[in-house]
Each structure stands twice: as structure tokens, then as C-alpha cells.
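*Asks:* Protein chains in written order, with our numbering: chain W, 1295 to 1400; chain A, 890 to 1003.
These are calculated hints, taken from the structure and not from any lab test. Mixed in with the good hints, there may be bad ones.
To be verified - Straight-line distance between alpha carbons at most 35 Å, and here's what the computed DSBU-like set of lysine-lysine pairs gives:
#1 A:Lys-929 to W:Lys-1387
#2 A:Lys-898 to W:Lys-1387
#3 A:Lys-908 to W:Lys-1348
#4 A:Lys-991 to A:Lys-925
#5 A:Lys-942 to A:Lys-911
#6 A:Lys-907 to A:Lys-929
#7 A:Lys-942 to A:Lys-930
#8 A:Lys-907 to W:Lys-1348
#9 A:Lys-942 to W:Lys-1387
#10 W:Lys-1387 to A:Lys-925
#11 A:Lys-991 to W:Lys-1348
#12 A:Lys-929 to A:Lys-991
#13 A:Lys-911 to W:Lys-1387
What the hints assert, rightly or not - Here are some chain W residues pointing at chain A (derived, C-beta under 10 Å):
#14 Ser-1322
#15 Tyr-1342
#16 Ser-1376
#17 Val-1378
#18 Asp-1386
#19 Gly-1393
Claimed, not checked - Here are the simulated distance ranges between beta carbons:
#20 A:Thr-905 to W:Asp-1321: 42 to 48 Å
#21 W:Glu-1361 to A:Ser-1001: 16 to 22 Å
#22 A:His-966 to W:Arg-1316: 26 to 32 Å
#23 A:Thr-905 to W:Pro-1333: 44 to 50 Å
#24 A:Lys-930 to W:Tyr-1363: 42 to 48 Å
#25 W:Ser-1322 to A:Asn-946: 22 to 28 Å
#26 A:His-915 to W:Arg-1316: 33 to 39 Å
Only a predicted model underlies this, so the values are computations on that prediction, with no experimental measurement involved. Using N, Cα and C, we set each Cβ at its ideal position, and we do this for glycine too.
These are the residues of each chain, in order.
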Amino acid sequence: GIQVEQSPPDLILQEGANSTLRCNFSDSVNNLQWFHQNPWGQLINLFYIPSGTKQNGRLSATTVATERYSLLYISSSQTTDSGVYFCAVATDKLIFGTGTRLQVFP
Amino acid sequence: DTEVTQTPKHLVMGMTNKKSLKCEQHMGHRAMYWYKQKAKKPPELMFVYSYEKLSINESVPSRFSPECPNSSLLNLHLHALQPEDSALYLCASSSTDRVNEKLFFGSGTQLSVL
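The whole structure should be built from the sequences, with the hints applied where relevant.
*Replies:* Following this line, the structure appears as C-alpha cells:
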């Protein structure tokens, strides 16, 4: 089946810093989504982005489907950005990546 | 209203108990999902319902029994669980079960099996 790897696995930032999270996948996909799981377990859908670039406030995402990767950019990070970031891709079903655990300190 | 509601938020049960997890959405979505998430791992798909019919069962043990009484409700009935079934159980919904749909998740039920 398709493999979805995220890097880095862990990231520690000070408030105000910028970061880039990466998602690599091993096969062509029909769907790519980025999620943020907060410390209480809630998964929030950040982007639906099978290709191209999208921006939402301090967050933006770019997917290069032909090269099988996606990037999530977080600018001016805040403590509320802490949690785990998952990318998820779909061929016949949605598969979650390994996740990046982000901690933002004041 | 873009909310998926799950109850209860926490559940502790013994291995001989029978309990149910509930999920509700009022977005008019016709596909609903159960995912299981162990600590520090990504969510894993268990079941998919499409138009109230079970369309995907990811070889889940029969001690987990899903039910979709109507288009807004999804239940997961639990019986004779094992301690290794302790996990966060997440419900999700989407407009249809096509793989290119955006998923909306509930906040989950944290289950502990003693």
C-alpha cells in the first residue's frame, strides 16, 4: 500500500518562529489533506490540497503531486499551534501520515 | 454548522461490559467513518458507511459492531473488549464516500478497557 512519511517527527519552536513541515508519499493520490490534532484530540481540517498552493492566515500549504510531496508552512507560530500535524492522502481510502509533533513555547 | 459531535468524551469499561459510542452530524453528509487512534500513532480507518450502508470494514474484530440508524447518526457497539482496544475512537463525516472529499472529525471518545 501507499506509504506516507512526515518530517520532522518532532519540532520545538519559540513563539514567533516560522516552520516548514513535509509530507512525502509513495504513489499518485486523489486527495491530500492537512490536519491539526490539538492536545485534546480534536482533528481540525486545515487544508484540502491535492495540488497547488493555498493560504489561510498564518498557514499555507503547497502540494507538488508530480513529485509526491506536500509542505505545510506555519509563520509567526503561537502556543495554540502546538499539537500534532498529520497529512492524509487517498487512493482508494484516506491514509494518515506518521505525523509531526509541534511544541511552541512562549 | 460544521460540527461532528461524539459522546461520551471518556469511557472506562471492563472486559465483560457492553457499551456504545455515539456520533452525530447535521451537515447533510452521507458518508460517516470510525477511526481508531492509539497513543502517538496516526488514526487508522475501521469502518465506512455510505448512505447508511456499510461500505468498508477494515477487518475489524467482531467485538466492534457499527450501526448507522439514519443519515445523521453513527454508533459503535462494544462488547468483550480487550485492554489493547484502549484508544481514542474518532468519528468523521464527509459529503460522500468519494476519496477526494474533505473529512470533518469529532473530538473523539477516549476509551480505557480494564
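*Asks:* Each hint needs a verdict: does it hold in this structure or not?
*Replies:* Right, here's what the structure says about each hint:
| no. | hint | result |
| --- | --- | --- |
| 1 | A:Lys-929 to W:Lys-1387 | holds, 21 Å |
| 2 | A:Lys-898 to W:Lys-1387 | holds, 26 Å |
| 3 | A:Lys-908 to W:Lys-1348 | violated, 42 Å |
| 4 | A:Lys-991 to A:Lys-925 | holds, 19 Å |
| 5 | A:Lys-942 to A:Lys-911 | holds, 17 Å |
| 6 | A:Lys-907 to A:Lys-929 | holds, 27 Å |
| 7 | A:Lys-942 to A:Lys-930 | holds, 28 Å |
| 8 | A:Lys-907 to W:Lys-1348 | violated, 45 Å |
| 9 | A:Lys-942 to W:Lys-1387 | holds, 17 Å |
| 10 | W:Lys-1387 to A:Lys-925 | holds, 15 Å |
| 11 | A:Lys-991 to W:Lys-1348 | holds, 15 Å |
| 12 | A:Lys-929 to A:Lys-991 | holds, 23 Å |
| 13 | A:Lys-911 to W:Lys-1387 | holds, 23 Å |
| 14 | Ser-1322 | violated, 12 Å |
| 15 | Tyr-1342 | holds, 5 Å |
| 16 | Ser-1376 | violated, 15 Å |
| 17 | Val-1378 | holds, 9 Å |
| 18 | Asp-1386 | holds, 6 Å |
| 19 | Gly-1393 | holds, 6 Å |
| 20 | A:Thr-905 to W:Asp-1321: 42 to 48 Å | holds, 43 Å |
| 21 | W:Glu-1361 to A:Ser-1001: 16 to 22 Å | violated, 43 Å |
| 22 | A:His-966 to W:Arg-1316: 26 to 32 Å | violated, 40 Å |
| 23 | A:Thr-905 to W:Pro-1333: 44 to 50 Å | violated, 32 Å |
| 24 | A:Lys-930 to W:Tyr-1363: 42 to 48 Å | violated, 22 Å |
| 25 | W:Ser-1322 to A:Asn-946: 22 to 28 Å | holds, 26 Å |
| 26 | A:His-915 to W:Arg-1316: 33 to 39 Å | holds, 36 Å |
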